[in-house]
Amino acid sequence: QLFKGLSNSPFSTEEEKTDFESITTYNNFYEFGTSKTDPALNATAFPDKFESWKVVIDGECEKPGTYDYDELIKPFSLEERIYRMRCVEGWSMVIPWIGFPLADLLKKAQPNANAKFVEFTTLYDPEQMPGQRRAVLDWPYVEGLRIDEAMNPLTLLSVGLYGKELLGQNGAPIRLVVPWKYGFKSIKSIVRIRFVEKMPQTAWMKANAREYGFYSNVNPNVDHPRWSQAKERRIGEFLKRKTLMFNGYGEQVADLYAGMDLKRYF
Amino acid sequence: MSAKNKASMVKAGVFFICLVPLIYLIWGLFTENLGANPVETLTRSSGLWALRFLLITLLVSPIRWYTGLTAVVKYRRMLGLYAFFYAFVHMLLYLGLDQLFNIHDIWKDIIKRPFITVGFISFILLLPLVVTSTNKMIKRLGGKRWKRLHRLTYLVASLSCLHFLMLVKADIREPVIYILLLLALFFVRFLHSFNKKKLVTR
Chain V
2 QLFKGLSNSP
12 FSTEEEKTDF
22 ESITTYNNFY
32 EFGTSKTDPA
42 LNATAFPDKF
52 ESWKVVIDGE
62 CEKPGTYDYD
72 ELIKPFSLEE
82 RIYRMRCVEG
92 WSMVIPWIGF
102 PLADLLKKAQ
112 PNANAKFVEF
122 TTLYDPEQMP
132 GQRRAVLDWP
142 YVEGLRIDEA
152 MNPLTLLSVG
162 LYGKELLGQN
172 GAPIRLVVPW
182 KYGFKSIKSI
192 VRIRFVEKMP
202 QTAWMKANAR
212 EYGFYSNVNP
222 NVDHPRWSQA
232 KERRIGEFLK
242 RKTLMFNGYG
252 EQVADLYAGM
262 DLKRYF
Chain B
126 MSAKNKASMV
136 KAGVFFICLV
146 PLIYLIWGLF
156 TENLGANPVE
166 TLTRSSGLWA
176 LRFLLITLLV
186 SPIRWYTGLT
196 AVVKYRRMLG
206 LYAFFYAFVH
216 MLLYLGLDQL
226 FNIHDIWKDI
236 IKRPFITVGF
246 ISFILLLPLV
256 VTSTNKMIKR
266 LGGKRWKRLH
276 RLTYLVASLS
286 CLHFLMLVKA
296 DIREPVIYIL
306 LLLALFFVRF
316 LHSFNKKKLV
326 TR
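Chain order of the listed sequences is V and B. Under our numbering, think of the first position of the first sequence as 2, with each following residue one higher. Under our numbering, think of the first position of the second sequence as 126, with each following residue one higher.
FYI, nobody ran anything at the bench for these hints, they're computed from the structure. For glycine and all other residues, C-beta sits at the position ideal for the given N, C-alpha and C. Careful: at least some of the hints might be erroneous.
[Claimed, not checked] If we take Cβ atoms under 10 Å as the criterion, some of the chain V residues that face chain B in the derived model are:
id	residue
1	N29
2	G34
3	K37
4	T38
5	L42
6	R135
7	P141
8	Y163
9	P201
10	M206
11	N209
12	N222
13	D224
14	R234
15	K241
16	T244
[Claimed, not checked] When the alpha-carbon atoms are kept at most 25 Å apart in a straight line, the in silico SDA-like pairs for lysine to any residue are as follows:
id	chain 1	residue 1	chain 2	residue 2
17	V	K243	B	T166
18	B	K321	B	R276
19	B	K233	V	N222
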C-alpha cells in the first residue's frame, strides 16, 4: 500500500533525508537479532499477512478496547512528518515518517484521573521474532511515557515511511516515534497501549537501570557511560556533528521538564 | 630456489595475507560496501583484527611446543607488529573521525568512559613492545628480561577483551568467544610451564 497526497507537517525538518536504503538496513530491533543488519534479513515476512494485527488499549481509561489495525488507524488522517532520530549509540538519521499524533488515539480512549503514564508493549512471538528465543532482554519489550509526553503533539504513531507502509525491520505495522528522546524509546510493532498510575519499568531499565533511564531525553550534557552524548554521526556523513538539546525539539518539549534536574531524571 | 629465498618468499606471503583485512576494508570503503555507517564498520573491524592478531601472536609458542614446528617463531614478530598496526588504525579512526583530534575532548573521553579508558591503556601498553621488537633491542635487554617484558602481551590481550565486552550493549556472545579463546591460551601456557617444572624436578 502506498500513501499519497499526505499533508506535510509544520513540525517537519528541512534537513536532508537519510536514504531509504540506510533507514531500512541499519536497525536496532533486537527481536530480530542484535546486529544492525539482522532485522532487515529476519523480518522480511513480518508481520504475517494472513493474521490481523490487534492492538489492545486498556488500563486507567473509560473506553478500553481491542482494535485490529484497520479499525485503529481509520478514524485518523495520516500526515508526513520528517523527524530527526537520535540513537543512544551516537548516530542519527532524518526519517520521513507517516502517521498520526498519539494524542488523537489516547483521547478517544478517555483516560481517567489515575492515568499518569502510558505503557507500550511490543508483540511477543518467538516464532516470528527469532531474536526473542534468546534472553538478550526481558521480553516482551516494554516502553513508557509520562501522560503529558504521550499527549505532546510531536509524539507520533507511525505506520509508514517514505510514502510506503512500514517494513518489518522498522516496526511494522505500527510503532511509536518520540523524536526528542533516544531511539529505543520509540517502541516498535505495538500490541498494547495501557494507561497506568505508576511509572512503567521499561525493558532497557530492567536490563541496565544505571545506563538507561525512564526519560532518556536526548541531552548532550548528560553522558551515557558508554557513549559521550555531546556529538553524533549523521548516517551518510563521516565526521560527527554536535547533538542538540532535546534533539532540537526544545521549543516544543522543554516545558515538560521545567524545574526538573535532568541529570537525575535522565 | 635456495632455502633462503624460499623462506623470504614465505615471509612475504604471510606479510601480504596479514594485509588482506585492510585491503578488504579499503576496497569496501570505495565501493560503498561497508553498510550504512562505514566509519563504525571500519573502527569495529580494525579493532577486531587487532585483537585477532594478538591472539594469533599468542598462539605461536603453543604451536611450536605441541607440533614441533619451530619455524613458526620466525613470524611471531611480524604478527605482533600487525596487531599493533591494526590497533593503530583503530585508534587513529577514533581520534580523527570521532574526536577530530581535539586533545581536550579526547582526554575527557578517556577519563570519563571506562571502556575507552581500558582500550587506551591497552594501546599504550603495546608501545614498549613495539619499541623493543628489534633484534638490537632484544640483545640490549637480554633474552630473559625481554621475554618478561613481552609477557605484557597477555595483559594487553586481556584488556582488549575487556574493552570489547564493555562496549557491547546486551548481546555479549561475540566478546565472550574471544575471552574463552584467551583463557584457552592461558591454560595451554600454564600446562606447558607446569610440565616443564615437572621435568626439571624429576
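Consistency of the hints with the structure:
1. N29: holds, 9 Å
2. G34: holds, 9 Å
3. K37: Status holds, d = 7 Å.
4. T38: holds, 7 Å
5. L42: At 13 Å from the nearest chain B Cβ, L42 (chain V) fails the 10 Å test, so the hint is violated.
6. R135: R135 (chain V) check passes; min Cβ-Cβ to chain B is 8 Å, inside 10 Å.
7. P141: violated, 15 Å
8. Y163: violated, 15 Å
9. P201: violated, 19 Å
10. M206: Status violated, d = 13 Å.
11. N209: holds, 8 Å
12. N222: violated, 13 Å
13. D224: Holds. Min distance 6 Å.
14. R234: holds, 6 Å
15. K241: The hint holds - K241 (chain V) has a Cβ within 10 Å of chain B, the shortest such distance being about 6 Å.
16. T244: Where the cut-off is 10 Å and the nearest Cβ of chain B is about 13 Å from T244 (chain V), the hint is violated.
17. V:K243 with B:T166: This hinted pair holds, its Cα atoms lying about 21 Å apart.
18. B:K321 with B:R276: holds, 18 Å
19. B:K233 with V:N222: Between K233 (chain B) and N222 (chain V) the Cα gap is close to 13 Å, so the pair holds against 25 Å.
Of the numbered hints listed earlier, those contradicted by the structure are 5, 7, 8, 9, 10, 12, 16.
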